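Trainee: Chain by chain, the residues:
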Amino acid sequence: MPDLMQQTPVEEQALSRCLKQAEIDTRMLAMVIALIAIWVTLNFLTDGIFFTARNMYNLAVQSSVVGIMATGMVLVIVCRQIDLSVGSVLGFTGMVIAFLQVHVFSLGAAWNWPLTILCGLVLGGIIGLWQGWWIAYRGVPSFVTTLAGLLMFRGAAYLVTDGRTVAPMDKTYQILGGGLDGSIGARWSWIFAIAVIAWMLIHCMVSRRSCIKYGFKVKPMWIQILLLAIGAALVCGFVMLMNAYHKPRTEISRGIPVPVLIMICVVVAMNLLTKITRFGRYVFAIGGNPEAAELSGIHVKKITAFVFMVMGILCAVAAVITTARLNAGANSMGTLAELNVIAAAVIGGTSLAGGQGTIIGAILGAVIMQSLDSGMVLLGISSAMRQVVIGTVLILAVWFDVVYNRNRP
Amino acid sequence: MNQTPLVEMINIHKRFGGVHAVKGVNLDLYPGEVVGIVGHNGAGKTVTIKALSGAIPCDEGEIRISGEKVSIRSPRDARKYGIETIYQTLALADNLNAPENLFLGREIMTAYGTLNDRAMENEARKVIDRLNPNFKNITDAVKNMSGGQRQSVAIARAIYFNAKILIMDEPTAALGPQETAMVAKLIKQLKSEGIGIFLISHDLHDVFDLSDRVAVIKNGRLIGTRRTCEVTKEDVLGMIIMGKLPETA
Ligand SMILES: Nc1ncnc2c1ncn2[C@@H]1O[C@H](COP(=O)(O)OP(=O)(O)OP(=O)(O)O)[C@@H](O)[C@H]1O
Ligand SMILES: [Mg+2]
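The listed protein sequences correspond, in order, to chains X and D. Counting from 1, position 394 in the first sequence corresponds to residue 394 in the numbering used here; the numbering is continuous, with no gaps. If you count the second sequence from 1, you need to add 1000 to reach the numbering used here.
If you are wondering where the hints come from, they were derived from the structure by calculation, not from laboratory data. Just so you know, these numbers come straight off a predicted model, no measurement behind them.
Cross-link-like lysine-lysine pairs, in silico, DSS-like; alpha carbons within 27 Å at most:
id, chain 1, residue 1, chain 2, residue 2
1, X, K219, D, K1126
2, D, K1191, D, K1126
3, D, K1136, X, K217
4, D, K1080, X, K301
With the rest of the complex left out, here is chain D (with noise of 0.2 Å):
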């Protein structure tokens, strides 16, 4: 690939207090490429992501835009760089409803300057039934949806603003099988769209299926980054267990 990367992450680094959680980092992203972040719990992958997207803004390193370098302190800056994100805590607040927490920061207004909600309902009714069909009762509070409700809630976030970039913590970790399926097939025409993403996962099997290559994070360093349909699975276990790069063929 000779296009510029969407995003490159320059050796990134993060430090709480005395603890040392993300050590140098080098990440790229490719439009429409899936990019897995593989690696035990604790690695740091979820501090690396946040330095991205404004969560967490990292102490050191360069973070590159479409070849740009820029500066990301928060959330909001994340946005203006089409920088969308799935925490793996979901970040919703439990007492508003879907329509509320999917338009939260970004409401849509009325002519004259108040909240639209009834537009908001209907716009999230669309994209919501685009994930989960069987997901009806969006205006309940989200305190009182199911794990996977509230994960289909996050993502249709995420997904709703035409993102060019997107970070997955997990995404799939509390849905049913039905569901995962269709979030793999959203991946897959996000990916057809030129969206760049970002994917957490635990399930090798699903960063296999989803990913053109996967990266591999073991204690705040970036052990490699591989195509996927040159490694096996035991490789990437391998690397992400014992820290030991696959012997090139």
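Next comes chain X alone, as it looks inside the complex (with noise of 0.2 Å):
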């Protein structure tokens, strides 16, 4: 009789309890989910069209850019601000960048391009530093800071060659845009699936090993061998995808595109520098109490500062993909982008009341975001009609955010 009792709970609960064990956050699930309703029905809207290799490499390409700075906007909104200026910052330090590469080193020499990307990411930090300078030691807030920032560097984009487009970019500066040469072919693309296979195989045991040395809890081995089975299918999955993509007119597979791999780059190390350093715990500790942090000897002012920077850096990042993409600096570049950047890290969980988000959460909200963009593009949605949308997606976004804490255990 008493086993009875206990039986029912236990099974009403059976998927939360399998959840959980699993470790999975609930939201990051829900948020899987949506992306793939969102996919199937734009793929059903357009007739096949969608699911395409041509159209999910595009789709790759372009979630890296917004993909790249979200994750930096999670940390700046995790430590309870807000970056209204990275549109810009991309825009100014990406005609720095072209200009530099085209008009001041001589374009060709061997040094010129990685010269041109570093001096870039200095820019982007410095300014990057400046924003967080206003913020955390004068005070002045990050949504007033930030949004003269839009402003300034927005103009001092248009004032680096009086509006003047630069082109052509080098060569090999060109491949990190992941156009006709920026992929990295069916080969390596195969090899850097095993690779990344390999490592979540090595990761789990050692994660598994360090638990039973201290005692811990760890996942039934079931449900460890299906997380690895999935992530191995998904792996393999996209690396497909991308192979089935040809080069014009021939047989050649084109890969993984060159910035998406820019973009596994940075969530790798952003997610490293959220998890495993102090910076990281003590963004967090800052977004859930700024007394608290500091009571407990932070630099509050340092870590805020710092943490505009990293978003000043990844804006760069950013830029870097865009010109080569472009394969020119254009004075435009990154209008908008913003609010894309915003909508992908607070779709993909990061909490605007500060002190919550994943660096993953917010790629998979970039994906979103730029998959209802592009499905829109191909229904030939106007692009006003898409700001429209973008728009209203971004408040949905943020009163799910209100209403999942409101209703939270």
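From the two separate chains plus the hints, produce the assembled complex.
Mentor: Rendered as structure tokens:
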């Protein structure tokens, strides 16, 4: 009898218990389901064009620009700030990179493009640090500082060349944009896939061992294996899709686009930054309770300024991809990108109340935003209408965040 | 007692704009001693001890630690002198779990310079078990914890790092009877280890039970400090309410 009494509630909660054992966030799961629903719907509406290799390849490239900046926006929003200037900073650093590459350094020299990238990253970092200084040390709210930055750096982007477009870029540099030669081919894509799967296996084994060493609970074996299998299937599926897209009039597979690889590097780096460094821990602590962070001896101002610096550097990374893809520097690059980036972070589960957010979530958010956008392009919806939709999605995402936080146990 | 006091706070003043919250308070604390600080709401108890913990540096006055004049301008300074504080507001980051809060600002790192979460959890479990054996869900976010559990986390944080001076601002306000008894036991034990404790409480019974001396603050002024064995609760109540010193026998 007592056994029966216990059985019922346990069975009722079977699903949530399974999820908990697998340590899957329900919110993340909801996002994945939403993404799949959006994809299936768009594929249906576009008569199968959406799921073609070509479209998925372009989607991957476009998502990486937004995704890279969204990972930085996660940190910014987690520590209770906002950055409205990311699109303009992208435009300005992009213009400076293009100008240096084409007009200042000698085009064609092997050191040209690495040096221009370095200059761009440093410039992005300085801009971020400068904004962070006003916010953290001078007490100007980030909303105001970065709104001013939105205006200033868009103007600065124009001033670099008085509005003229700079082109063409270095041949090698163009690879970074994911264009015609901007992918790593079928063989390297598979090697990459194998490396990723091997890494997942090793990571999983190492963490199991250290859990056991400290006497902590480990996930049941079958769940672990199931998760690994799903991960491996996703990686292989992605590589197959990217390989199915051929270079024009040939049978040569494109493989994984370089911008996606850059994004993966950024994601890994940002994930490590948030999970295993003091800096990441402090960013979350500040978001949870700034006063407590200060009382715990954390240099709140310094950390806040650094968060903006990281954001600035990531804008420069996005600027590199954008200029390489355009094969030019145009002062309108990144216009309205801040909306997509903030929306990606928020859709990806970053709470505007601060203290909560994940890097992976932001990438999912970026893919969702970009899927909607490019799906609407495929459907022939005007850019004016697309803006209306994207704006609506942003409000809905924040509303979802509010409701979700209210109903949380 | 003719040893040097662990802490001397001399003529501490603090103003917030026009509000003169603390007006020349003097407090001292000896090793192995518990000094209770009592007073009405808004008397200035919290502001006074925050001058010592570095949370609100004082405008005027002198602080000496073991006889040496020090300048405490931030919580980092205070930690340097072995001062640990349990704040009335607990000062926990709600989104982090208990071990993360416990080690905030003083994380255990691995040999590679990364956070060692497992080791921190292990250590946290040990110290929290000592305070509150029923408290098992320490890896939940603090916001999902009960008031008493949160308080246990704040207490654990203050005692883990071998403080010399402990400031407890109403440490048992949210605790159940069993946990309060645990904290009382803990205070006695820390005392026997030679740690000096400032204990702010509204519970005169606890104050009389635990402290060697009691200091009464009223409207930002120190009314007086008395040995608890030499006064009655009525005397102290008179000091708190009327600001009247008891007739010394
Ligand atoms: N940050 C602040 N800004 C302005 N005024 C403050 C601040 N903190 C405290 N005060 C004022 O200082 C006075 C003393 O406050 P304090 O917090 O020390 O009281 P308390 O004795 O701890 O009271 P309680 O028993 O309610 O905790 C109060 O009048 C309060 O309004
Ligand atoms: Mg108080």
